[in-house]
Amino acid sequence: MATTAVTSAGIASEAPRSDFGRVLAQRERRFAAALLAPAFLALLATTTFPLLFLVYTSAFRMDLAMPFTNGFVGFENYQVLLSDERFWTSLLVSLVYTGSTVALQVIIGLALALLVMDMKRGQGCFRVIAILPVVLSPAVVGMIWRTFMLAPEFGIVDFLAINAGLGSKNWLGDPTLAMVSVIAIHTWQWTPFAFMVLLASLASLPEDIYEAARLDRASAWQRFRRITLPLLRPAIVMVIIMRTMVALTAFAAIFTVTAGGPGTATEILNLYAYRKSFTELSIGYGSALAVALLIVTIIISGILFAMRRAK
Amino acid sequence: MSSQGQVSFRNIVKMHGEFAALKGVNFDIKPGEFFALLGPSGSGKSTTLRILAGLDAPTAGRVLIDDKDVTSTDARDRDIAMVFQSYALYPHMTVAENIAFPLEMAKLPKSEIAPTVKEAARKVKIDHLLDRKPGQLSGGQQQRCALARAIVRKARLFLLDEPLSNLDAKLRLETRAELKKLQRSLGITAVYVTHDQEEAMTLADRMAVFMSGEIQQVGTPAEVFARPNSIDIAGFIGNPPMNLVPARYVDGDVIIAGHRLKTTATTAGERDVVVGLRPGALRMTEGGLGARVDLIEDLGDTAVLDLDCAGTMIRMRVADGNIPGEGDTISITARPQDIHLFDPATRMRL
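Those sequence lines, one after another, are chains A and F.
If you use numbering that gives the first Met the number 0, the first sequence corresponds to residues 0 to 310, in order.
If you use numbering that gives the first Met the number 0, the second sequence corresponds to residues 0 to 349, in order.
The following block holds chain A by itself, in its conformation from the complex (with noise of 0.2 Å):
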């Protein structure tokens, strides 16, 4: 190294070029960590923190019931759990509502992606209808289907279920009824958003390599089979993903619509937590439950998203 002559400006000159660099990338990355700062606090206090308090509290008997019996419990709650045959229903329960929503709605929602590819016209105000229901509120949706789509002769499901010959059926006392309904529910809310996902996707596959295959004598079938589904594979493993994850966790909408009921029919593993810990107020039995479902959801996706890495 010749003369490290730095002015008093900080300016190097020549050689030391690397070193002002290292400074300058240096003082960057303190300013980035700054301004990152408030962000990660918030993120700490508002998820990492609770959720470490949930596992805290899954440790403990807390029966706002019975404070008497308030303890450390350690792995108590989770035997007890392993053996609740309750919690093996809820999961199951969980499960079947996942899977099912979310295959209908990729199924849908790719059907109506297609469909809507091949419209000349309407395009964008399809869009607009079709994003509706993704904005409301999954406790105004259940209100909406509990009231107008549901309800015994006035629900338009029970009316046109009348006019085709079925007759009225309980739509939500009946068990199995009950399940298809909130199946229903939350397909249709968030088809949509599978929708929106695979039509932009759809929409950025290159024209000419389906004239290529038509002309390579490809029928439509094979097209969508060979070509089609291949290329719009990472977005459709994306949308399971991001469903998978909400429907695990889904709430609102079957709380506002069946309770969980007729009985257990409709309560998912969330639900079961929500009412062991605020109906019967079994605070640390219900922590154990949350924790299970996090480690279910932790379990589906990390299998999800080494399927998404595989070919």
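Hints are computed from structural coordinates only; laboratory data are not their basis.
All C-beta atoms in this analysis are idealised placements derived from N, C-alpha and C, irrespective of residue type, glycine included.
Incorrect hints may appear among the rest.
[Unchecked claim] Some chain A residues near chain F, calculated using beta-carbon distances under 7 Å:
| # | residue |
| --- | --- |
| 1 | 207 |
| 2 | 208 |
| 3 | 210 |
| 4 | 211 |
| 5 | 213 |
| 6 | 214 |
| 7 | 215 |
| 8 | 216 |
| 9 | 217 |
| 10 | 229 |
| 11 | 230 |
[Stated by the list, open to error] Computed far set for chain A versus chain F, every beta-carbon distance over 12 Å:
| # | residue |
| --- | --- |
| 12 | 23 |
| 13 | 25 |
| 14 | 88 |
| 15 | 303 |
[Said to hold, decoys possible] Stretch by stretch, here's where chain A covers chain F in the computed footprint (C-beta under 8 Å, at least three residues):
| # | region |
| --- | --- |
| 16 | 62-75 |
| 17 | 101-115 |
For this one, chain A is given, so just place chain F on it according to the hints.
What follows is chain F alone, placed relative to chain A:
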């Protein structure tokens, strides 16, 4: 030579709303021929190719392939292979899968597909890249992959839409020659769209020159070069293109900038004409048309001179070693058979 792959266009019209992209196009392509559709951008050559492929439907007229009317036949039933300007490779498939795709669609047994794919890849020299995805290939390799996909299924027609336009200059020249050899060895009818007249001239057995939605001339490259049908073609073909100079025709002679040149025409009378003079057909002579050398573009073996003939700009190509200096005054002439006459009103050849 193949006995199939004969193409006829009968009065093909293509409207885009009010705009006529094709205004009644007629031509015939013989089996085994390398036929170029040449024209500036927007002249309708690509539209013509897409109609032939079945990717677009004509507004009126009929398309015949091997004497069968295919106007309303879908692209997948026409037995046509095509190389797109963008190559249109399937991005999620490997080179081998791309080339195999048309064979799979034709339900060829699996045991036959692999060797056929290898053979096609070998013909275009990409047999070492079969496991790569298109995104991992250079432009030239992608182009070859598209070619292989087109030739692997022995279709009766081979369409190429400006296949060389995305390659660099050197690769374009190499591929051009290989393309011609490939077409000859396959004996397949090829229809080639290009805006590059040099490509059309070197590749095509015959070509159709498009101008604003119409074919203005069909012929061999030599014919079109030697006897352009219109002022537009004359100004399009050749590098540098033909000089087009307004002049007066008087009893078989033309008068340019006060100088009289003999032509092969024998009609008596007097009229305004546009004279076409190829830069290479001009020569220096004593007592010819006086011109001042404005600019010299030296191309190595030849040079192109920009000449000012009493206000009229004329370009002339001269061989090396015979180049005057800039600012010199020279005198030029052309042989009668090298003087092309056009009607300034109809813009057609006289």
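Quick one: which hint numbers does this structure break? Sort them smallest to largest. Violated hints: none at all, because every hint is consistent with the structure.
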